[in-house]
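Residue numbers (numbering that gives the first Met the number 0), protein chains in the order written: chain A, 0 to 225; chain B, 0 to 118.
Hint data in this document are derived by calculation from the structure and do not stem from the laboratory.
Honestly, I wouldn't trust all of these hints.
Stretches of chain B that chain A covers, calculated by requiring three or more beta carbons in the stretch to come under 8 Å of a beta carbon on chain A [to be verified]: (1) 20-28; (2) 59-73; (3) 90-100.
Derived CB-CB ranges, DEER-like [claimed, not checked]: (4) A:E160 <-> B:D32: 22 to 28 Å; (5) A:R100 <-> B:Q114: 47 to 53 Å; (6) A:R206 <-> B:A105: 33 to 39 Å; (7) A:K137 <-> B:L104: 49 to 55 Å; (8) A:T203 <-> B:E96: 50 to 56 Å.
The beta carbon of each residue, even a glycine, is placed where N, CA and C say it ideally should be.
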Amino acid sequence: MNVLAVIPAYNEEESLASTVNELIETCPQVDYLVIDDGSSDKTWDICKQQGFSHIHMPVNTGLSSVFRTGMKYALRHDYDAVVQLDADGQHVPEYIPTMARAMEEQNADIVIASRVLNGEAPSGLRNAGSKLLSWLIKRTTGATITDPTSGMRLYNRKMIEMFATGFDVHPEPDMVALVARRGGRIAEIPAHVRERQGGESYLTIGRSVSYMLRTSLSILLYQWLR
Amino acid sequence: MQLSLRLIILAGALLIIATVLKSIRKKRILMNDATGWVCVALLLLFMAIFPEVVVWISGQLGFMSPANFVFLVATGLLTVKAFRDTASISLLRHKLEELTQESALAQADNDASAQGEDK
Chain A
0 MNVLAVIPAY NEEESLASTV NELIETCPQV DYLVIDDGSS DKTWDICKQQ
50 GFSHIHMPVN TGLSSVFRTG MKYALRHDYD AVVQLDADGQ HVPEYIPTMA
100 RAMEEQNADI VIASRVLNGE APSGLRNAGS KLLSWLIKRT TGATITDPTS
150 GMRLYNRKMI EMFATGFDVH PEPDMVALVA RRGGRIAEIP AHVRERQGGE
200 SYLTIGRSVS YMLRTSLSIL LYQWLR
Chain B
0 MQLSLRLIIL AGALLIIATV LKSIRKKRIL MNDATGWVCV ALLLLFMAIF
50 PEVVVWISGQ LGFMSPANFV FLVATGLLTV KAFRDTASIS LLRHKLEELT
100 QESALAQADN DASAQGEDK
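Starting from the given sequences, assemble the full structure and let the hints guide the process.
What follows is the structure, given as structure tokens:
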């Protein structure tokens with residue numbers, strides 16, 4: 000299976016090089032593409048100095064636009080599957096071959112690296128939010144997804160086409176729910192996720208709450224409308 | 000709160016919800032932008048269905064009539080929305096300028112290297 004790792008990077012100068020080097024060492028058979036989302040720090044310089052395969056967005060456009068750029072690239076270069084790998088070092092690249100195997104064996108459209116299946120549920124409020132989304136997805140689609148907010152997901156060819164050409168698609172839990180609702184297969188494998196290796200988390204408390212509200216509402220609206 | 004005002008608010012809320020849902024289905028709006036409007040409509044719906052809450056709050060704040068309070072809330076929401084729209088249009092304008100400049104410079108680089116190859 001021809002897998003491309005898409006690595007969105009916005010101001011990730013601290014951790015980008017170690018993330019990409021770890022991927023190259025542990026999974027030499029996996030191609031990768033760093034997409035610098037118009038960073039204001041040295042992210043782009045690092046890509047050029049280290050000779051990383053990369054694309055530079057001239058302005059900051061946000062994660063979903065960056066990810067879709069990666070999907071368009073994958074479609075044009077004929078990849079079988081795309082995995083999203085965070086530049087902050089949280090995602091362990093070792094799991095990519097396991098995810099690809101799960102995709103083939105279970106004929107899955109999306110394979111999620113699940114922290115919950117690995118027995119490391121996030122604590123407190125974040126866990127409550129994640130559980131709420133799992134419950135909502137179960138109720139609206141019947142699919143069991145233990146870790147809907149895990150960012151490390153492997154998408155198959157059909158998903159690559161959907162993300163590259165679709166309207167209003169983004170790599171978020173409500174899309175996973177929409178795919179499940181349309182009869183797509185979602186698989187999960189147990190996976191360890193590290194603490195972030197540098198930079199700052201985007202999710203503050205206010206943003207987390209508004210994220211939860213929007214995602215829940217979106218899952219419900221998709222349920223009725225698409 | 001008068002029954003007529005409640006009915007008008009109710010009709011308005013339902014109209015907003017219908018418009019937003021139709022736009023989502025027809026792919027005329029991104030889900031991210033639509034959810035805010037659904038929340039506004041739900042707030043209006045709440046005010047129409049439970050007027051006693053509105054009456055109580057407006058009484059506590061010393062309004063002459065609950066209708067005045069309803070109008071103030073609506074104006075306040077619209078002001079916030081208008082500002083956020085202005086801010087996002089500003090950003091879009093900035094990004095459009097950046098993109099145009101980048102694209103023009105990339106085109107110039109392309110032309111220069113094409114000319115270099117011709118010689």
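Outcome of the hint check:
Look at the region 20-28 of chain B against chain A: 4 of its residues bring a Cβ nearer than 8 Å to a Cβ of that chain, three or more, so the hint holds. Taking a C-beta to C-beta cut-off of 8 Å, the region 59-73 of chain B contributes 0 residues in contact with chain A, too few for the three needed, and the coverage statement is violated. By the rule of at least three residues with a Cβ nearer than 8 Å to a Cβ of chain A, the coverage given for the region 90-100 of chain B holds, with 3 such residues. For E160 of chain A and D32 of chain B, the Cβ-Cβ distance of about 25 Å falls inside the hinted range of 22 to 28 Å, so the restraint holds.
For the pair R100 of chain A and Q114 of chain B, the supplied restraint of 47 to 53 Å holds, since their beta-carbon distance comes to about 51 Å. A C-beta distance of roughly 34 Å is found between R206 of chain A and A105 of chain B, which places it inside the suggested range of 33 to 39 Å. Checking the proposed 49 to 55 Å range against K137 of chain A and L104 of chain B shows it holds: the Cβ atoms sit about 51 Å from each other. In this structure, T203 of chain A and E96 of chain B break the distance hint of 50 to 56 Å, their C-beta atoms being roughly 30 Å apart.
Checked against the numbered hints listed earlier, the structure breaks hints 2, 8; every other hint is satisfied.
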